[in-house]
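**Q** Single-letter residue listing:
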Amino acid sequence: MLYIKCPYCGTRAQTEFAYGGDATVKRPELNKEITDKEWDEFVYLRKSLRGKHLEFWHHISGCRQWFKVQRDTTTHEIFKTLKPHEEL
Amino acid sequence: MQKYSVFNLIKNAFSGHQNWEVAWKDPTPKKSYDVIIIGGGGHGLATAYYLAKEHNITNVAIIEKGWIGGGNVGRNTTIIRSNFMHDANGRFNEFSMDLWRNMSQELNFNVMFSPRGIINLAHSDAQMNAYARRGNSMRLNGIDAVLLNREEIKKIIPMADFSDDVRFPIFGGLMQPSAGTARHDAVAWGYARQADSMGVDIIQNCEVLGFDVVGGKIKGIRTSRGDIKAKKIGLCVAGSTSILAEKLNMTLPIETHLLQACVSEPVKPLLDHVVTFGAGHFYCSQSDKGEMVMGGDLDGYNSYAQRGNLPTLQHVLTEGIAMFPFLSKLKMLRTWGGIMDMSMDGSPIIDKTHIEGLYLNCGWCYGGFKSTPASGWTFAHTIAQDKVHKLNADYNLNRFSKGYLLDEKGLGTKTWIS
Numbered sequence: 001m002l003y004i005k006c007p008y009c010g011t012r013a014q015t016e017f018a019y020g021g022d023a024t025v026k027r028p029e030l031n032k033e034i035t036d037k038e039w040d041e042f043v044y045l046r047k048s049l050r051g052k053h054l055e056f057w058h059h060i061s062g063c064r065q066w067f068k069v070q071r072d073t074t075t076h077e078i079f080k081t082l083k084p085h086e087e088l
Numbered sequence: 001m002q003k004y005s006v007f008n009l010i011k012n013a014f015s016g017h018q019n020w021e022v023a024w025k026d027p028t029p030k031k032s033y034d035v036i037i038i039g040g041g042g043h044g045l046a047t048a049y050y051l052a053k054e055h056n057i058t059n060v061a062i063i064e065k066g067w068i069g070g071g072n073v074g075r076n077t078t079i080i081r082s083n084f085m086h087d088a089n090g091r092f093n094e095f096s097m098d099l100w101r102n103m104s105q106e107l108n109f110n111v112m113f114s115p116r117g118i119i120n121l122a123h124s125d126a127q128m129n130a131y132a133r134r135g136n137s138m139r140l141n142g143i144d145a146v147l148l149n150r151e152e153i154k155k156i157i158p159m160a161d162f163s164d165d166v167r168f169p170i171f172g173g174l175m176q177p178s179a180g181t182a183r184h185d186a187v188a189w190g191y192a193r194q195a196d197s198m199g200v201d202i203i204q205n206c207e208v209l210g211f212d213v214v215g216g217k218i219k220g221i222r223t224s225r226g227d228i229k230a231k232k233i234g235l236c237v238a239g240s241t242s243i244l245a246e247k248l249n250m251t252l253p254i255e256t257h258l259l260q261a262c263v264s265e266p267v268k269p270l271l272d273h274v275v276t277f278g279a280g281h282f283y284c285s286q287s288d289k290g291e292m293v294m295g296g297d298l299d300g301y302n303s304y305a306q307r308g309n310l311p312t313l314q315h316v317l318t319e320g321i322a323m324f325p326f327l328s329k330l331k332m333l334r335t336w337g338g339i340m341d342m343s344m345d346g347s348p349i350i351d352k353t354h355i356e357g358l359y360l361n362c363g364w365c366y367g368g369f370k371s372t373p374a375s376g377w378t379f380a381h382t383i384a385q386d387k388v389h390k391l392n393a394d395y396n397l398n399r400f401s402k403g404y405l406l407d408e409k410g411l412g413t414k415t416w417i418s
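As they're listed, the protein sequences go chains A and B.
Going by this note's numbering, 8 is the number at position 8 of the first sequence; the sequence numbering is gapless.
Going by this note's numbering, 202 is the number at position 202 of the second sequence; the sequence numbering is gapless.
The hints are simulated quantities; they were obtained by calculation from the structure and are not laboratory data.
These figures come from a predicted structure and were not determined experimentally.
Certain hints may be false.
[Stated by the list, open to error] Negatives, chain B to chain A, calculated, CB over 12 Å:
no.	residue
1	N19
2	K25
3	S114
4	I157
5	T241
6	I339
[What the hints assert, rightly or not] The list that follows gives simulated cross-link-like pairs (lysine-lysine, DSS-like), each with its CA atoms no further than 25 Å apart:
no.	chain 1	residue 1	chain 2	residue 2
7	A	K47	B	K65
8	A	K52	B	K402
9	B	K402	B	K390
10	A	K26	B	K65
11	A	K47	A	K37
Ideal placement from N, C-alpha and C gives every residue a C-beta, glycine not left out.
Sequences are here, hints too, so could you generate the full structure?
**A** Okay, structure coming up:
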């Protein structure tokens, strides 16, 4: 069982959360000419890092807020959790 | 190569089975090869075998970081099927079925292929309609499919929960009678033994540290046992694909996730088929030893751990008990995990890359075992001829940017949900 510290509620069990994927992927800007390559990178391409990984989680059975987690993808150690607008 | 036969078994019994030849050698890496296959799993070993057998390319090395068959080919739930709806997936996996049917004879190694049939249960009218459609698509591709109603299912698996007051009552199901299981380790060992006998070097305990790429062409690899040159290199490393891709400055449409499986204590024979729960993700068969072999969902977050977490296992087994209530009485014998190369549309990638001489075989999600022979066969063709075969033409790398996805289940890019 992972224990994840929601930045809004504190530490809770993993079963309260839903995973949201790589948090470093940036959506192309609105109202701009966007190439197929940029869409491809945003929608499909992932680094899938082994080691420290910044990812979104959703406190779906709690406060329902989205937030970021920095976690090791091999040991599952959680280093830091951040609000979605915060940077590492 | 010494043939495995009843006569050789008797002959060797007289010397106490001390004088059998080794099944494959333990060579020191040469300075260069025509082809290097990275990854000594089922797909890598099969690729080397078909390179030698179908294309007469025998100056080949398989480079494996650990030991052959120690990854997903030894960690799966051994299910073999071709019950796909899309033409490309159906054709590819039915070709695989043809290779499975003859594999024990071809490899002179008993892979215990057991075409016992797979049943996908349906729990609503809508699901029955969806299965009817899938079954029709399968039959159009020459794959056997039978739509069964509740009463027919009850005759086949009476131990399932057929009571009326359950949350997910069984409405019926779709059966592929020719699907089945095989002894997974034997598949790796059988391919390894034959490849070795044709001159392929199987090099274990050898980690790939980097690649030599000059002017857009692959020249060789750097390994923990020295530099090795090669004209062509094939990547066949499943859940470790993204790690090697990073060394090549490539970003791929895959994510690595963890999948668990488990077996119960052995019990007397009671389940003759592979059965899947249709209202969630759970599948079950009974091994020849009597263990119930079970699996289900991914753990649900990017992972290279090769070791699972209990909440997912509990969730999966809850579904199992909803389908087969008797499972609650069984003790668990073993659980384990493997890392899956989850592609963004749920279908694999077998293709050339933008680097000349570098070939990619990945994105098998959690269905790679059944495709082992076809994957090896088509990847060997792609490497030997430097062009894709029509069977793997749709498994190209650029289908994502072009919009030609092979979304068998229509699940989208949240690979951990599928």
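**Q** Each hint should be assessed against the structure and marked as holding or not.
**A** Results of checking the hints against the structure:
Every C-beta of chain A lies more than 12 Å from that of N19(B), the closest at about 43 Å, which supports listing it as non-interface. With 12 Å as the threshold on Cβ separation, the claim that K25(B) sits away from chain A holds: the shortest Cβ distance comes to roughly 32 Å. No Cβ of chain A comes within 12 Å of the Cβ of S114(B); the nearest lies about 35 Å off, and the non-interface call holds. Against chain A, the non-interface label of I157(B) holds: every CB pair exceeds 12 Å, the least being about 31 Å.
For T241(B), the condition that its CB be more than 12 Å from all CB atoms of chain A is violated, with the nearest at approximately 8 Å. With a closest Cβ-Cβ approach of about 9 Å to chain A, I339(B) is found to fall inside the 12 Å limit, against its non-interface label. For a cut-off of 25 Å, the pair hint linking K47(A) to K65(B) stands: about 21 Å separates their Cα positions. Our distance criterion of 25 Å between C-alpha atoms is broken by K52(A) and K402(B), whose separation comes to about 31 Å.
For the suggested pair K402(B) and K390(B), the alpha carbons sit about 19 Å apart, so the restraint of at most 25 Å is met. For the given pair, K26(A) sits about 34 Å from K65(B) by alpha-carbon distance, which is inconsistent with the 25 Å threshold. Under the criterion of a C-alpha separation no larger than 25 Å, the hint pairing K47(A) with K37(A) is consistent with the structure, at around 16 Å.
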